[in-house]
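J.: Quick mapping for you: the protein sequence lines, in order, are chains A and B.
Our numbering numbers the first residue of the first sequence as 1215 and each following residue consecutively.
Our numbering numbers the first residue of the second sequence as 12 and each following residue consecutively.
These aren't lab readings, by the way, just hints derived from the structure by calculation.
Just so you know, these numbers come straight off a predicted model, no measurement behind them.
Check each hint, because a few of them may be wrong.
Said to hold, decoys possible - Computed beta-carbon distance windows for the label pairs:
1. B/Ser83 to A/Pro1283: 40 to 48 Å
2. A/Lys1332 to B/Asn164: 35 to 43 Å
3. B/Asn164 to A/Asp1281: 47 to 55 Å
Stated by the list, open to error - From the derived model, a few chain A residues whose C-beta atoms are all more than 10 Å from chain B:
4. Thr1401
5. Tyr1408
6. Thr1435
Built from N, CA and C at the ideal position, the CB exists for glycine as well.
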Amino acid sequence: MPGGATGFATLDQWCQVSLVNDDISPMAGVTPYTLNTPLFSDYAVKRRTVWIPDGGSATYDATNVFDFPDGTVFTKSFGWADDMRKAQPVLTWVETRIIWKNAGSWQGLSYTWDSAQKVATANPGGETVPLSWIDTTGATITTNYLVPSVPQCGECHDDLQDTTLVFEPIGPKARNLNGNETYPDGTTQNQLTYWTATGLLAGAPDASLAPKLAVWNDPTTGTVDDRARAYLESNCAHCHGATGAARNTGLYLSSLETDPTSYGICKRPVAAGAGAGGRPVDIFPGDPTQSIIPFRMDSDEPAIAMPQIERSVVDAQGLQLITDWISSLDGGCP
Amino acid sequence: MLRKLSVVLVSAGALALGGCSNGSSDAGTNLCAGVASPCTPFPSGTSAAAISTALSTAAANSTFVFGAGTFSFSAALTLPGVAGLTITGAGIGSTILDFTGPTSGTGDGIDALLGNNNLTFSKLTVQNTTGDGIKVSGGNGVLFQTVQVTWTNASNLLDGAYGIYPVQSQNIVVDSCQVSGARDTGIYVGQSFDIIVRNNKVSANVAGIEIESSVSADVYGNEATNNSGGILVFALPSLLPPPASGVTTDMTLNVRVFNNNIHANNSFNFGDPSGTVAAVPGGTGLVVMASNNVEVFGNTIANNDTAAYAVISYFLINNSFNPVDPGQNPTGLDPFPNNVYAHDNTFSGNGTSPISDNVAPDGGQSTNLLGELLGALVGLYGGFVPTNNAVPDILWDGIALTPPQGGTYIPPPPPTDAGSVGSPPNPVDFFIESNGSATFANLNFIYLVPGGVPPPDPTAIVFNATPFIVSSPPTGFPLPGVDAGF
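Sequences are here, hints too, so could you generate the full structure?
T.: Following this line, the structure appears as C-alpha cells:
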C-alpha cells in the first residue's frame, strides 16, 4: 500500500497532486472533490482529492464518514491568495496534508511547500508560518498560521471509540459531499453520482435521496438556520460531539443534534473561563451579545478563540451568519 | 501580496529521528548518559522545529532530555498518543521552555491530549503561555515531578489559565512542583481519579490547587501562599471523571487534604470574571464546595484575611438556587457538600480583613460577592464580636436540601450557642473535631437567597455553635489513602 506506516519524505512520491500553473492539479486517476460547507482555515484556498486503489470502493453511509478501503489517500492543499479582491489572484501554497489508510488505520502528515513552490517536504513537527495577504475590504491581514504537527492532526481527527482514540477523516460524509463538482474533463456532476459511476463509492442512493448539507454562504441552498447549522457542524462538531475532543463540554454541534441544550441553547458553559467573555450561555436565542459562541468566533486570542486550532484570524462572514442566526431565534432564556 | 514564507523546513531525514547518535562527545550525548534508549537529547540551541519534530514522531517509551538553557516556541509542543514518554531537563529554572510572544494553536505550552499512558514531566520550567502550561487529557499514569510553570510578566497575568492541568485522566502524581502567576489555578486536576498532589508550592495564582469533579485524591504537604484562594475542592455541573472511576454522575468524592501549609493567601482575585474561581474572594484559605467524603486534617491555616476554611454549596457561586423548588436544580450535580470532616487542624490569624474586590492586572475591578458579604457582616454587627472582629475560622454557608435531592426544602436549623440541633439536624453531615481554638459559624446564607424566607436576619448567624462538633470520627472516616500507582 502507498505510504506504508510512516509516509513518504516528499509529496511527489505519493503521486497524487502536483503544481500546474501555480495551482494544485490532481494526477491521473486522482479525483478532486469539494465540501458543501468546509472548515474555515484563515481564508485558505483548499484543494481536495481522493484516490482509492484499483478495484476498491468506499461503502456509503447516510450519516457517518464513508468506510474507505486500505490504501485510500486523501490530500488537502492550503494556499493563500495575494489579494482576495482579484478574480484571478496569485496563489501561494503553504502545505498539503495527506491522510491515508494503512492496515486498517488512518494516519495524517503535512507537507510544507518551499518558497520556490517546487517541493513539498514532510513536516511531522509542524510549524508556525507568518502570512500576509489583502482581504476583500482591501485591508492587509497578517497572521501566524499553524501547520499542524502529526499529533496536532489528532486534536481534530481523533474520535473516541469505546475507550480508544481512533484517527478518522472528517469531511467525506454523504451530506457534505452531496453537491456538484467540476471535473478535469470539464463536466459538472453531483459528486455522489460521479463517485458511484466511477466506482469510488458503492451502495449510495440517488443523490436526490441522500442527505445534503447547506452551503453556508449560499442562501439558495438553505435558510439561515440550515446554513448556520452547516457552518457550526463543519467548524465545531469534530471536537464538539459526544466522541470528540470537547466531549466534556456537553456542547454538541452536529447538524443532526436534536437536543436544544446539547446544541447550546440557553446552555451555561462548564469550564470556559475567560472564553465565556462574561456571557451567560452558549446561545441566547434572540441576543448574540449574550451568547458565548459569537464571542469566541470574534476573538483571535489563543485562550479564547474557537476553533482552537486552524483559525488565527476571525472569519467575518461566518461570524455574521451566526450572529444573524442567533438574532433570528425566538424565545430567549429563563 | 504574500510575504515570503520564513520557513525552516526540516530535512527528509527528520522522519528517522528518535535515537541518540553514537560515539559523539557533544553535550547532546551527555544529556542521555545513563538514560534508557531510545533517548533524544535537546542540548542548548536545539531549534524549536527540531524539538517539535522529534516529539511529534516519538516512539513509545522514549525519553527527551533538554539541556540547560532557554528554548523559545511559537506554538504548543503536542505529544503523540504513545505510551511511556518522559520529558525532562536540567532542573527548574535551568531548563526553561518559553512561550512568550505571538503563538498559534491552543496557546498551551505542552499538550498531551491523545491518551498518553505512563507520561512523565520533570526538571524543567514552562513559562508565559497564553493558554495552559502543561495540559494532559485522557492520560493514565501521569507524573509531574519537579516541574515549574510560571508567568513572569505583569502582562502575562491577562493570559493563561491553568499551570499544571491533568484532566479526564487517572493515576496522577503532582510532586514537588512550583506554579505561580496562573490567572486561574496553579495545579488543577479536573475530572480525574486516583490523584496525589504533594509537596508542591503554589503562589500568586488566583487559586493555588484545585481538585474538581474528581474521585480519590490526596492533597498533602503543599504550601499555598499569596494566592487569592489556597486550596479548592470543588464539584462542578456537567463534568465527571472517566467511566473507569465508577462514578456516573457529576461529583467529587473521597478527597483528603492534610498536612498542608495554607497561609496568607491574600492576593486580589485577578481571574477572568467569567471563570468559576472569580467567585472566590481574595484572602481565602481552603474551600470545599459540593463535594462528598472530604477529610481535612493536620493543616496549618493561618493569616488568610477573608476566610480560613469554608464548606459551601454550589449555589453560593451560582444563584440559580430556588428555595421554593430546590429539586429543579438543572445541572445534574448534587449541589450540596456531604460528609465533610475537619479535625486536628491549626488555625490562627484568619478573617481579620475580608477582601471584597477582584482586581485585574489591567486595573479592571469588580465586586466579589462573597468577600463583600463577609465584609458587610463585619460591619453589620459592629464587628464579629464573639471572634474579636474576625470572620470565624470554620464556616458553613448553611444552604442545604433535606432530604437530599427532590424533597421539599427545609431551612437548616437556626443554630444556637445552646447546642440545639433544630430539625433536621446537621443536614449536610458536616463534622468538626479537635481544631484547637478555631471558631465556627453557620452563616445561614439561605436567608439571603432571593426569594428565601424568612427575610435576612442578622441573628441567624451564630458563632461557635456546637451542633456539628463530634468527639470521634464519624462513620466512613478516616478515608483510605490513594494509591496512584507510583
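J.: Hey, is A/Thr1435 genuinely clear of chain B, shortest beta carbon separation above 10 Å?
T.: With a cut-off of 10 Å, A/Thr1435 remains clear of chain B, as the shortest Cβ separation is near 31 Å.
J.: Is the hinted range of 40 to 48 Å satisfied by the C-beta distance from B/Ser83 to A/Pro1283?
T.: With a Cβ separation near 44 Å, B/Ser83 and A/Pro1283 satisfy 40 to 48 Å, so the hint holds.
J.: Confirm or reject: A/Tyr1408 is not an interface residue toward chain B, with every Cβ-Cβ distance exceeding 10 Å.
T.: Non-interface label on A/Tyr1408 holds, nearest chain B Cβ at 33 Å vs cutoff 10 Å.
J.: How does the Cβ-Cβ distance of A/Lys1332 and B/Asn164 compare with 35 to 43 Å: does it lie in that range?
T.: Hint holds: Cβ distance 42 Å, inside 35 to 43 Å.
J.: Honestly, do B/Asn164 and A/Asp1281 meet the 47 to 55 Å range at C-beta?
T.: This hint holds: roughly 51 Å between Cβ atoms.
J.: A/Thr1401: least C-beta distance to chain B exceeds 10 Å?
T.: holds, 33 Å
Of the numbered hints listed earlier, not one is contradicted by the structure.
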